[in-house]
Amino acid sequence: MASLTSDNEQPPTNSNSSSTDHVRKKKSLFASSPSSSRGNAASVPTRDGDSHPRWRSEKQQRIYSAKLIQALRQVRLSSSSSATTSSPTAQKRGKAVREAADRALAVSARGRTLWSRAILANRIKLKFRKQKRPRQTVIPAVTTVVTTGATSSRGRKRRVSVVGLNKKSLPTVNRKVRSLGRLVPGCKKESVPVILEEATDYIQALEMQVRAMNSLVELLSGYSTPGSDSAPPPI
Amino acid sequence: MSSRRSRSSRQTGTSMISEDQINDLVVQLHRLLPELGNNNRRSGKVSASKVLQETCTYIRNLNKEVDDLSERLSQLLESTDSAQAALIRSLLM
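Protein chains in written order, with full-length UniProt numbering: chain V, 1 to 235; chain A, 1 to 93.
Hints listed in this document are in silico derivations from the structure and should not be mistaken for laboratory results. Remember, it's a predicted structure, so these values are computed and weren't measured experimentally. Don't be surprised by glycine CBs; every beta carbon is placed ideally from N, CA and C. Each hint should be verified, as a subset may be incorrect.
Said to hold, decoys possible - DMTMM-like mimics (lysine to aspartate or glutamate), calculated; alpha carbons at most 25 angstroms apart, straight line:
hint	chain 1	residue 1	chain 2	residue 2
1	V	Lys188	A	Glu78
2	A	Lys45	A	Glu35
3	V	Lys95	A	Glu65
4	V	Lys95	A	Glu19
5	V	Lys176	A	Glu78
6	V	Lys92	A	Glu65
7	V	Lys92	A	Glu71
8	V	Lys176	A	Glu71
9	V	Lys95	A	Glu78
10	V	Lys95	A	Glu35
Stated by the list, open to error - Cβ-Cβ distance ranges computed for the label pairs, FRET-style:
hint	chain 1	residue 1	chain 2	residue 2	range
11	V	Lys59	A	Lys64	46 to 56 angstroms
12	V	Leu170	A	Glu78	49 to 59 angstroms
13	A	Lys45	V	Gly111	18 to 28 angstroms
14	A	Glu35	V	Ser57	29 to 39 angstroms
15	A	Asp20	V	Ile124	16 to 26 angstroms
16	A	Ser79	V	Lys189	40 to 50 angstroms
17	A	Ser79	V	Ser169	32 to 42 angstroms
18	A	Glu78	V	Ser169	32 to 42 angstroms
19	A	Asn63	V	Asn174	20 to 30 angstroms
20	A	Asp20	V	Lys95	38 to 48 angstroms
21	V	Lys92	A	Ser18	18 to 28 angstroms
22	A	Lys64	V	Val163	42 to 52 angstroms
23	V	Ser221	A	Ser18	28 to 38 angstroms
24	V	Arg182	A	Lys45	44 to 54 angstroms
Same shape as in the complex, but just chain V (with noise of 0.2 angstroms):
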């Protein structure tokens, strides 16, 4: 589990020409089907994703496809291997590539969020170590990443203002914002700004794991049924 991540923290441009040069075939179907799901997929692209581009990239739908397939990979061997009677459960064998694809995700984030350390601290079980120790490098990070959301979000025509902040709601707001803090991993004792700004980048990066979990979940039914197609359906 150490090396996965040790492997995967490699300077992005190495790790992943050497791994995409492999799946390059693979790619070229995998790519194209996300690209046009994502053009397919209604609300995502007429959304403003000026504000955080990071996972709506391409180069980041491959990143974390060539990682999620690693980690895949992995978890495949191990059942494979530990297989005792049968396979396991179907519950955990869902459990395990959830917590693949997970680790996935938060390599990816190259540790810049709570959330995604969160992640990684919980499977390597540094629980305190991981956490206490980069919460005084995260501040300086979410407030450069708010400054270019807020900026671009001066510049649309259509301004969106929020009521429902005065003091005698602010009760009630602080329930919600806790509530959501204990739905993203790792704030669940973090203050409001940090518990919006977290949220904002996990949701965007779990739409981007769903992205790429039905893309591959298409092409892998694609080669599953039996007979005639040997390319995966075009969507």
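Using the hints provided, position chain A relative to the given structure of chain V.
Then chain A, alone, in the frame of chain V:
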């Protein structure tokens, strides 16, 4: 903008957080949510608690979707038979 950010970064440990900052973050969050309603088209105002509620729901939905997808993926990885498994293995490796 940067001065506000640096001021708030020093104050993040306490609870004195500027409301504008929270406003901005809530607006950002609102933009990410799937725009189901027509209420945000008509007026330029969003309710903070509604945004937060929808965010919680949306994250739960996304998590559930990822869980379902990973279960399907695990089934697919297990159930492909040998000829196609060799094909997939050659692609994955």
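C-beta pair A/Glu78, V/Ser169: status relative to the range 32 to 42 angstroms that was hinted: violated (50 angstroms)
Holds or violated: V/Lys92 to A/Glu71, with C-alpha atoms at most 25 angstroms apart: holds (9 angstroms)
25 angstroms limit on alpha-carbon distance, applied to hinted pair V/Lys92 and A/Glu65: holds (17 angstroms)
V/Lys95 paired with A/Glu78 [C-alpha distance capped at 25 angstroms]: holds (14 angstroms)
A/Asp20 paired with V/Lys95, Cβ distance criterion 38 to 48 angstroms: Given a distance of about 42 angstroms, which is inside 38 to 48 angstroms, the answer is holds.
Whether the CB-CB distance between A/Asp20 and V/Ile124 falls inside 16 to 26 angstroms: violated (38 angstroms)
V/Lys176 paired with A/Glu71 [C-alpha distance capped at 25 angstroms]: With a Cα-Cα distance of about 30 angstroms, the restraint between V/Lys176 and A/Glu71 is violated, given a limit of 25 angstroms.
Supplied distance hint 40 to 50 angstroms, evaluated on CB atoms of A/Ser79 and V/Lys189: holds (42 angstroms)
Cβ separation of A/Asn63 and V/Asn174, checked against the hinted range 20 to 30 angstroms: holds (23 angstroms)
Pair hint V/Lys95 and A/Glu19, alpha-carbon separation not exceeding 25 angstroms: It is violated: about 40 angstroms lies between the C-alpha atoms, which goes past 25 angstroms.
Beta-carbon spacing of V/Ser221 to A/Ser18 - inside the hinted bounds 28 to 38 angstroms or not: violated (50 angstroms)
Supplied distance hint 18 to 28 angstroms, evaluated on CB atoms of A/Lys45 and V/Gly111: Violated, since A/Lys45 and V/Gly111 (Cβ atoms, about 37 angstroms apart) do not stay within the stated range.
Violated hints for the displayed structure, listed by number in ascending order: 1, 4, 5, 8, 10, 11, 13, 14, 15, 17, 18, 21, 22, 23, 24.
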